[in-house]
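These protein sequence lines map, in sequence, to chains A and V. The C-terminal residue of the first sequence carries number 177 in this note's numbering, and the numbering is unbroken. The C-terminal residue of the second sequence carries number 554 in this note's numbering, and the numbering is unbroken.
Note that these hints are calculated values from the structure, not bench results. Since the structure is predicted, the reported quantities are computational estimates derived from the model, not experimental observations. No incorrect hints appear here.
Facing chain A, according to a computed beta carbon distance under 7 Å, are these residues of chain V, among others:
1) Phe-177
2) His-228
3) Ile-401
4) Phe-430
5) Phe-434
6) Met-459
Virtual Cβ for every residue (Gly too), placed ideally from N, Cα, C.
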Amino acid sequence: MADTVTPATRPSGRVAGWVRPKTVFLAVVLLVFAVYTEIAFGLDWRTQAGRIGPGFFPRIVGVAGVAITLWSLVSAIRCPEEDEVVALEDEVGEADLGKHPRLLAIMVLAAAVFAATLVWLGAIISSALFLGVMLSLLNRGRHLANAVVAIGVPLVMYLLLQTLLNAGLPEGILPRF
Amino acid sequence: MDTFDNLANGIVAVVTPMNLLLLLAGVMLGMVVGVMPGLGPSAGLAILLPLTFSLDPTGAIVMLAAVYYGAMYGGTITSVLINTPGESATVASTFDGYPLAKQGRAGPALVMAAVGSFVAGTIGAVLISIASPATAKLAATFGPPELFLVVVLGLLTLIVIIGGNRLLGTLSALMGFAIATVGIDIGTGQQRYTFGSVELINGIDFIPVAIGLFGVGEILHTLWRGGHLEKLAYFNVSARSRDFWPTRQDYRESVGPITRGSFLGFFVGATPGAGATVASLMSYNLEKSVSKTPEKFGKGAMAGLTGPEAANNAASSGAMVPLLTLGIPGSAATAVLIGGFMMWGLQPGPLLMTQNPEFAWGLIASMFLGNIMLLLVNVFCIPAFASIARVPFRVLGPAIIVICVLGTFTVNGSIIEVAIMLACGVLGFFMRRFGLSPAALVIALVLGPMAEESMRQTMIISGGSFGIFLDRGTSRVLLLLMVLLLVLPLVMVLIKRAAARSVQRYGAMRRRSARGADAADRSDDLTTDGADAGAGDADVDRDRDNEPERVDSQ
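Using the sequences plus the hints, can you model the full thing?
Put into structure tokens, the structure is as follows:
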């Protein structure tokens, strides 16, 4: 995969704490909490009857959120080595297979397109297209197996959720069955 | 006697052909979910929740509870066969499970893990039957101030015990609280954070958030760290083989660890936030410390597998106690269950056992029956589930995204909720990557409205004075518990050191007595004709000759 970042290809120089992925993420969270808090202060703290108003909890949550995020951000900038956290189950029996941000972005984008076309194309067609694209990227060279999974999974899901449970999946361009 | 009557009524309510079928389906689906890499009980429950909407509440909760403990076991299969835990609670099972598989003992390891799970699950169900009515009776005396403090106490426990970075745990919980404030304010009817969207007036539904964080988030994280490139090396298991079944020695070695793990797991699981992962790791350390042969741990000790396995299953039963009696989820999986309760119009909490006894006792009864079913399914279907573990992530990952999207759409037929789910998936990925806790977010999302409502009622009762928390006896006790909880991390180091010292002392005593017994045996052997000398060596040789079939797949 062209997007793979293996330990060997990782840059050896350390990036400054404030431009590392974790600090960028925390900065975005801080911004969201700041907007949230600003809106919270536009809501009433107490009602005219003296009871708790709609802004009571949002203000507490917002102020606490801004404070804790700021604290976390400062800690992340001061201790950049704690940037990446490896989950407990990831530590067991797995080799470092590199990081794949481009593939991740493609998956997110494909999932967004899948969701956007779900009602228009219908559950079966949009699911099959999403699976077809992703399997052709992830499971290269196995065309028959990919085709079987891309058609089989949406069909089974449709039969289970729509035909059996009448859950209301969109039919799109195919007739309902 | 009430307990027995209620339990009997619960069993009667559950034992219908339809419910038994749902129980079987739940156990099988849970096992499949547990076996899939990256998906744990919480993801499985969130994804499968929409499937239960057409069922009656008892049938639905029976099925979901079966998925819950089925998934807890499913993770063990991958831990033993491919050294990859299905979820964090089965990490401890890899330490000795995989070495056992390497010795050609994958079959006995999986069967003993199933037996351990069964015993722990049954002990857990008995303890729930005893603990739940007593806790519910106490909780029934709670007013809004106490309920508010219990919610805060639950969150504090979660953050203090969660391990890792407490700051980021708190941040995760605050994110959950913030999401919970979206929608109409119940007290005044005013809209908050809806930005004019009709879809957001009722707030952000819990299910898309849970499916996104636990389902899509896990898949994205696995993809990012190269899960699609993994070449699985696994061991075959066949029930037809004579070596599939455990020996008497295996059972003898496992009695103590399973019993200790069951009780330890239940009480750790009943503590909000501690959960099955902590319980299984604690059990592993305990077994290693008290073992007569600690040097075997990590090299294939049966006690190192069955103890943690029992602990993680008992912890899942223990987590049901705060859920049923206080309405407080102790873990991410029980938070999803509580979301299900609310969708079926049931209010989990002190009154659940008195207002909906059939439902509450039906759930407890289903645990007894589910454990029996789980044992049978486990023992006879291990090879079938082992084959699912061989489906590579590069095929499973996209298929799970499809299941998540379609499952979310079926809840309310809303494409906005699908978008929220995907956004939460991306958020879940970043949370996992940077050490935040998706579990804390989901639990706070469930507890947020509860906290706000009980706080509002408290303020109405007190006329706006916070002094009410100090005026009531039970509130004072809860406040004291909170203070103790906050100073817990400071004294924890001392407690841990003292506990480790006493466990080591006990272990050393056992090893000394074992060495004494061995020496006595050896002196006895010298006086006999030595007819059976070397039998142990022959066993070892037989084990060595018994090379497992290891298969590498692309």
